[in-house]
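Peer 1: Kindly generate the complete structure, drawing on both the sequences and the hints.
Line order of the protein sequences matches chains S and F. Quick note on this note's numbering: the first sequence kicks off at 1 and runs consecutively. Quick note on this note's numbering: the second sequence kicks off at 184 and runs consecutively.
Honestly, the hints are just simulated from the structure, not real lab data. Source: prediction; values computed, not measured. Hints are supplied without guarantee of correctness; some may be wrong.
To be verified - Straight-line alpha carbon distances no greater than 30 Å define the calculated DSS-like cross-link-like pairs of lysine-lysine that follow:
no., chain 1, residue 1, chain 2, residue 2
1, F, K473, F, K534
2, S, K75, F, K473
3, S, K75, F, K519
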Amino acid sequence: MTSLAQRADRDTHFEVEQFYYEEAALLDDGRYTDWLDLLADDLDYWVPTRTNRLRRQQTLAVAARGEAAFFDETKESLAWRIRRFDSGMAWAEDPPSRTRHLVSNVMVRHHDPAENPEFTADDLQVRSAFLVYRNRLEREENVFAGSRTDVLRRGEDGSLRVARRTVLLDQNVLLAKNISTFF
Amino acid sequence: MTSTNEPKGAATAAPRGALRRPADLARNIDVSGLVDTEGGLLDRMVFTDGELYRQELRRVFAPSWLFLAHTDQFHRPGDFFTTYMGEDPVIVTLDRDRRIRAYLNSCRHRGARVCRADSGTTRNFTCTYHGWSYNLDGSLVSVPNRDGYPGEFAPADWGLVEVPHVETYRGLVFGTWNSDPVPLRESLGDMAWYMDAMLDHDGEGTVVVGGVHKWVLEGNWKLAAEQFATDWYHVNMSHASALMLLAPAGRKPKDEVVHRTGRQYADPNGHGAGFPVHPRNRFDAQTVHKWTDYDALRERLGAARVEGPLTNGHATVFPNFSYLPVNGSVRVWHPKGPDRMEVWAWTIVDKSMPEEVREAQRLYNLRTFGPSGIFEQDDGENWSEVQAIAHGFITNGVALNYQMGMGSERHDGRHPGLTSELYSDAAGRAFYGRWRELMNTPAWHEGHEEHEESKA
Chain S
1 MTSLAQRADR DTHFEVEQFY YEEAALLDDG RYTDWLDLLA DDLDYWVPTR TNRLRRQQTL
61 AVAARGEAAF FDETKESLAW RIRRFDSGMA WAEDPPSRTR HLVSNVMVRH HDPAENPEFT
121 ADDLQVRSAF LVYRNRLERE ENVFAGSRTD VLRRGEDGSL RVARRTVLLD QNVLLAKNIS
181 TFF
Chain F
184 MTSTNEPKGA ATAAPRGALR RPADLARNID VSGLVDTEGG LLDRMVFTDG ELYRQELRRV
244 FAPSWLFLAH TDQFHRPGDF FTTYMGEDPV IVTLDRDRRI RAYLNSCRHR GARVCRADSG
304 TTRNFTCTYH GWSYNLDGSL VSVPNRDGYP GEFAPADWGL VEVPHVETYR GLVFGTWNSD
364 PVPLRESLGD MAWYMDAMLD HDGEGTVVVG GVHKWVLEGN WKLAAEQFAT DWYHVNMSHA
424 SALMLLAPAG RKPKDEVVHR TGRQYADPNG HGAGFPVHPR NRFDAQTVHK WTDYDALRER
484 LGAARVEGPL TNGHATVFPN FSYLPVNGSV RVWHPKGPDR MEVWAWTIVD KSMPEEVREA
544 QRLYNLRTFG PSGIFEQDDG ENWSEVQAIA HGFITNGVAL NYQMGMGSER HDGRHPGLTS
604 ELYSDAAGRA FYGRWRELMN TPAWHEGHEE HEESKA
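Peer 2: Have a look at this one:
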């Protein structure tokens, strides 16, 4: 998809990558509450399911809004999910998994307000790819690969926050017994 | 190569040529000693043995009613959905006469799948290998190089193998390969009363949220099926973190949540359902709770159902269909070998629900159940844990305990059939009792000789 929006300059690109690396480190270190601080209060976080469709019906290959999703979250519901780890009884992550979030293929553009007036040209549209490796207990392994399409909002203090995130996991049947991390 | 028998009731006999499998390919194991329903013991071999697993495909899955889909997935002729019956791939579709039919998803020529999409709409199913093509009633309608076949070759003999019986119960579509099955409604027995608590709130029925959650679990399918039949016991421990979240912030789960009482229904056909009983049992999702007209439900379904299986609990329809009424989550545990299952989960909502109520139910379900759900994440962890160590020689020989609520089954005067306490293994014992019965009974596709042999 081509956008008329302006490509971000090198400094902005560097800033976004560093932002993502910081985010990945927080998730890998299990510092979920600190991760929440990187998310905007009006966050929309969506991970739809994907189906195998006949070629002529490819437009239906990603579940629509309101259909089956792995995550369909607000910042509040993510905070609710994260609170479960404080119980000391979240067995899916006790003992904790080892995860590594790798983020690459980062493409940064300025938002085009003509497309969506909710955001300004200071806000950024970013597409990236990720690979998340999970190693659990003795020899359990999962690899989650996918794309993220974000809108990062520029705050008045110059900081960035994730305001919109759509994650496409490159799987049909989820090849894992659960998803106990975030992307 | 495999030890399955030819499903004589299903396959169309070809007019030319004949194949006959050696009878001794399939060895049937007498499982009487592996399940002790009187003593409440189970041999862990039922979760790990490859031969028992193949016998399950022949004698448990092939003859039983298996969940296929929801009727709401089919609106126009040609709408289709692909799934599995046991390990057999099937296409479920609506034919030109608007009848839901199901076919083995395997070309009659070389055996490839004729449909590789999860769902969609089509006019025919064409094999991508050599191009044999079948229409919505399963007939073979196109054979490239047709002239190359002998004169007596008749396409009518080579249609898709059809699932001989497909029936629905309140929107749930089931099929069986059994040539002479007990009708679906009859096989559900008193279980239907419990199912109606989810499926029949107002006579308008249910619809399905688009899409199916599918994920893999390294565990035998029975671990999940028996848990949904019989196991409220695990809730407080397995789901401790989730219960904490549902409690008011900073507080422990309410006492009435942890120390619930209720009933568990144990069906002679292996079905089971358990539910807390409380006059104020309520849907957890507040939007759903506020919309719900409890008085109308009491009038339609009676207080016993509203205060029990309508608002909470778990259930399994034998062998591998389970549901959670409070979430509208319905699922199949597809067997994928003794050590592996694939979970396919749908969300259903009342057709009468306004959009915002449907959405609330959908979000509540995906945040609590499904692979990312705060409850279900921990179930996956426990089942894979049980399976991971079960192959150890000594471990495998140590019996498992299903003795809770032993002898407590009774007619309680409020719920149909035999019920036990909420915390009980009664439905688990019934589940494995039915499993044992089917495993020791030759199915319709087995020859007479074998029948005699197994009696000896």
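Peer 1: Take the hints in turn and mark each one as holding or not.
Peer 2: Checked hints:
{"no.": "1", "hint": "F/K473 <-> F/K534", "verdict": "17 Å, holds"}
{"no.": "2", "hint": "S/K75 <-> F/K473", "verdict": "24 Å, holds"}
{"no.": "3", "hint": "S/K75 <-> F/K519", "verdict": "37 Å, violated"}
In terms of the numbered hints stated before, the structure departs from hint 3 and from no other.
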